[in-house]
Amino acid sequence: MINVSGLYKSYGSNEVLRGVDLALKKNEIFGLLGPNGAGKTTMLEIMEGLRLKNAGTIDIMGEAPEEAVRSGIVGVQLQSSSLPEAMTPLDAMTWFCRWRGVEVRTDLLERFGLEGHLKKPYKHLSTGQKRRLHLALAMAHDPKILFLDEPTAGLDVEARVALHEDIRGMKKNGITMVLASHDMAEVESLCDRVGILVAGRIKKIGAPSEIVEEVAGETIVRVKLDAAHDWPAFSYAKKHGESVEGYTEWKAENMLEGLFEILSYIKEQDLPLLDISLKKQTLEERFIEIAKEDVR
Amino acid sequence: MKAWVYTIYLKTRMDWRSSEIWITHFLVPIVFFFVMGAVFTSVMPETEETLIPTMVIFTATMGALIGTSGTLLPYTAAPTRKSMKAGGIPFSSVLLATLVAGIVNLLLVSVFIFLVAPLVFGADLPASFGVFIGGFFLFLVPNLLLAILIAVLAKDASRLTIVSQAVFLPSMLLSGIMFPFEMLPTPLAAVGYALPATHAMMIMTEESFPLVNVLVLAAFIPALLFLIGVRLRALLRDEG
Numbered sequence: 625m626i627n628v629s630g631l632y633k634s635y636g637s638n639e640v641l642r643g644v645d646l647a648l649k650k651n652e653i654f655g656l657l658g659p660n661g662a663g664k665t666t667m668l669e670i671m672e673g674l675r676l677k678n679a680g681t682i683d684i685m686g687e688a689p690e691e692a693v694r695s696g697i698v699g700v701q702l703q704s705s706s707l708p709e710a711m712t713p714l715d716a717m718t719w720f721c722r723w724r725g726v727e728v729r730t731d732l733l734e735r736f737g738l739e740g741h742l743k744k745p746y747k748h749l750s751t752g753q754k755r756r757l758h759l760a761l762a763m764a765h766d767p768k769i770l771f772l773d774e775p776t777a778g779l780d781v782e783a784r785v786a787l788h789e790d791i792r793g794m795k796k797n798g799i800t801m802v803l804a805s806h807d808m809a810e811v812e813s814l815c816d817r818v819g820i821l822v823a824g825r826i827k828k829i830g831a832p833s834e835i836v837e838e839v840a841g842e843t844i845v846r847v848k849l850d851a852a853h854d855w856p857a858f859s860y861a862k863k864h865g866e867s868v869e870g871y872t873e874w875k876a877e878n879m880l881e882g883l884f885e886i887l888s889y890i891k892e893q894d895l896p897l898l899d900i901s902l903k904k905q906t907l908e909e910r911f912i913e914i915a916k917e918d919v920r
Numbered sequence: 033m034k035a036w037v038y039t040i041y042l043k044t045r046m047d048w049r050s051s052e053i054w055i056t057h058f059l060v061p062i063v064f065f066f067v068m069g070a071v072f073t074s075v076m077p078e079t080e081e082t083l084i085p086t087m088v089i090f091t092a093t094m095g096a097l098i099g100t101s102g103t104l105l106p107y108t109a110a111p112t113r114k115s116m117k118a119g120g121i122p123f124s125s126v127l128l129a130t131l132v133a134g135i136v137n138l139l140l141v142s143v144f145i146f147l148v149a150p151l152v153f154g155a156d157l158p159a160s161f162g163v164f165i166g167g168f169f170l171f172l173v174p175n176l177l178l179a180i181l182i183a184v185l186a187k188d189a190s191r192l193t194i195v196s197q198a199v200f201l202p203s204m205l206l207s208g209i210m211f212p213f214e215m216l217p218t219p220l221a222a223v224g225y226a227l228p229a230t231h232a233m234m235i236m237t238e239e240s241f242p243l244v245n246v247l248v249l250a251a252f253i254p255a256l257l258f259l260i261g262v263r264l265r266a267l268l269r270d271e272g
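Sequence order for the protein chains is P and H. For the first sequence, counting from 1, position 162 maps to 786 in our numbering; every step adds exactly one. For the second sequence, counting from 1, position 56 maps to 88 in our numbering; every step adds exactly one.
Calculated from the structure, these hints are not laboratory results. Where is the CB? At the ideal position from N, CA and C, for every residue including glycine. Do not take every clue at face value.
Pairs of lysine-lysine residues, derived as DSS-like cross-links and limited to a Cα-Cα distance of at most 30 Å, are as follows [stated by the list, open to error]:
1) H:Lys187 x P:Lys744
2) H:Lys187 x P:Lys768
3) P:Lys903 x P:Lys891
4) P:Lys754 x H:Lys34
5) P:Lys827 x P:Lys848
6) P:Lys747 x P:Lys649
7) H:Lys34 x P:Lys903
8) P:Lys827 x H:Lys34
9) P:Lys650 x P:Lys747
10) H:Lys187 x P:Lys796
11) P:Lys891 x P:Lys650
12) H:Lys187 x P:Lys795
13) P:Lys891 x P:Lys828
14) P:Lys848 x H:Lys187
15) P:Lys891 x P:Lys827
Computed from the model, here is a short list of chain H residues facing chain P with C-beta under 7 Å [to be verified]:
16) Met33
17) Ile40
18) Thr112
19) Ala118
20) Gly119
21) Arg265
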């Protein structure tokens, strides 16, 4: 559906993308994750035909990005988009639909909660309303592929949940989506696969569960002792643990062995245990770890 | 085709929602016409002969350079350009719409001046109606193209204002609409000769088309289109 090979982009000596390879399957939702400045927006905008690449190839259903956007195969919701201040949502929807050769989709404006603002000038719309308008414009011509850059930023909870339902609904209708987001929970719940972009390269790629599973052997054991005891002062904790919000955390490669070892130590030392819990890593924690690995 | 027509309709409507357009295309030219018409015809009665072309050229120059150029800025801003490109909307459609909307607005005011000047100030009608109309359109189109070029070159509103004024003021002072062109010092006359307004004044006050002035004005059109094309290519090629 989409094939990206050896994508390279630099601004002068600043290398933003350093050889990205990616293959997207039909009807999948692909999440693009990365810390600020990792090159997510640059990568998306090259795939959307808005920026030029220095090297590499991009094939979107047999078309170059610019042609794919022009022909309507692709729909694009940008992170930073704007319209003239006096333009109303109805004007904008009519304008975009005329160029796409489709009926005016006021139904989409209603679905995104803009029915009461159809004739309100763009400058008087809230950030969330503007974002919803641009999303509706991107979806107006029923594209086969949809690029969504931070689609839920600025949306309230209700609109966010509604948009998630829309995204799932579009997937059921066979639309392929590329989603860049900072919201890990969103990515984890919506995406079939994610790619973690760090310093211009895809460091990890796979299903969210697979990426977390890579460290499935690791379990975090969290222990809290009576505040009167200076737990980190104990040599065991100093050597093996990390103090986090009043708890001491260990990464145990084997859950049972780790737990047994720590409990034995606590019992042996007769320490006043207040709380103990076990926890698996989330995608967010894994993402932070991967991003940090590159910095190291 | 429907999309192009809708873009022209939308841009014209957007312009009519803009107070700047009402001021620069309608209010100021009409007020200026009444004030200067009264002053010119009482101080120098012979200006009745050229009052209509003078006021029409002023209207078209001010409307295009100060008014029309400003209406393009919201579209040339990067986030809007990107949104349009992502929506499959060619930027050239907005430029065409700007040109047509400018012609419509400035034609309306010019017709008003043409009809009112003889009644209120006893202004003479043009020596040749055909030459006057031909000269008007031959002037209006490159004038609006010049405004578009300034808008696509400007990086922000303040720079746009500076450049627009830098073209507008010489157009007023050196084109022969305020002072007789023949009386200007040679260096200033040379500058004036490079301005579309000068050639428009020379055409619109004649009985037949002066070939040189027609050719100069006509030559502005491909030259300005070429420069706009070069700028747009650079602007739209890489939105980064």
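Hint check:
Distance hint between Lys187 of chain H and Lys744 of chain P is fulfilled; the C-alpha atoms sit about 28 Å from each other, no more than 30 Å. For a cut-off of 30 Å, the pair hint linking Lys187 of chain H to Lys768 of chain P is broken: about 36 Å separates their Cα positions. Of the pairs offered as hints, the one joining Lys903 of chain P and Lys891 of chain P holds, with about 21 Å between alpha carbons and a cut-off of 30 Å not exceeded. The hinted pair formed by Lys754 of chain P and Lys34 of chain H meets the criterion: a straight-line CA distance of about 26 Å does not exceed 30 Å.
Under the criterion of a C-alpha separation no larger than 30 Å, the hint pairing Lys827 of chain P with Lys848 of chain P is inconsistent with the structure, at around 35 Å. The suggested pairing of Lys747 of chain P with Lys649 of chain P is violated, with an alpha-carbon distance near 39 Å, which exceeds 30 Å. Using a Cα cut-off of 30 Å, the hinted pair Lys34 of chain H and Lys903 of chain P is violated, with the two alpha carbons roughly 60 Å apart. Distance check on the hinted pair: Lys827 of chain P and Lys34 of chain H sit about 47 Å apart at the alpha-carbon level, beyond 30 Å; violated.
As the CA atoms of Lys650 of chain P and Lys747 of chain P are separated by approximately 38 Å, the hinted pair breaks the 30 Å bound. Distance hint between Lys187 of chain H and Lys796 of chain P is unfulfilled; the C-alpha atoms sit about 44 Å from each other, more than 30 Å. Simply put, Lys891 of chain P and Lys650 of chain P have alpha-carbon atoms about 56 Å apart, too far for the 30 Å limit, and the pair is violated. For the suggested pair Lys187 of chain H and Lys795 of chain P, the alpha carbons sit about 41 Å apart, so the restraint of at most 30 Å is broken.
Of the supplied pair hints, the one linking Lys891 of chain P and Lys828 of chain P is violated, its CA atoms being roughly 41 Å apart against a limit of 30 Å. Note on Lys848 of chain P and Lys187 of chain H: the hinted pairing is violated, with a Cα-Cα distance of about 59 Å set against a maximum of 30 Å. Proposed proximity of Lys891 of chain P and Lys827 of chain P is contradicted: the alpha carbons are some 42 Å apart, above 30 Å. Interface restraint check for Met33 of chain H: the shortest CB-CB distance to chain P comes to about 10 Å, outside 7 Å, so the restraint is violated.
Given hint, Ile40 of chain H at the interface with chain P, is violated; its Cβ is 11 Å from that chain's nearest Cβ, farther than 7 Å. The interface hint given for Thr112 of chain H is met, as the beta carbon of that residue sits about 5 Å from the closest beta carbon of chain P, less than 7 Å. With a cut of 7 Å, the hint placing Ala118 of chain H at the interface with chain P holds, because the nearest CB-to-CB distance is about 4 Å. Using the Cβ-Cβ criterion of 7 Å, the hint placing Gly119 of chain H at the interface with chain P is satisfied: the shortest such distance is roughly 5 Å.
At about 12 Å, the closest approach between the beta carbon of Arg265 of chain H and any beta carbon in chain P exceeds 7 Å, and the interface hint on this residue is violated.
Taken one by one, the earlier hints fail for this structure at numbers 2, 5, 6, 7, 8, 9, 10, 11, 12, 13, 14, 15, 16, 17, 21, listed in ascending order.
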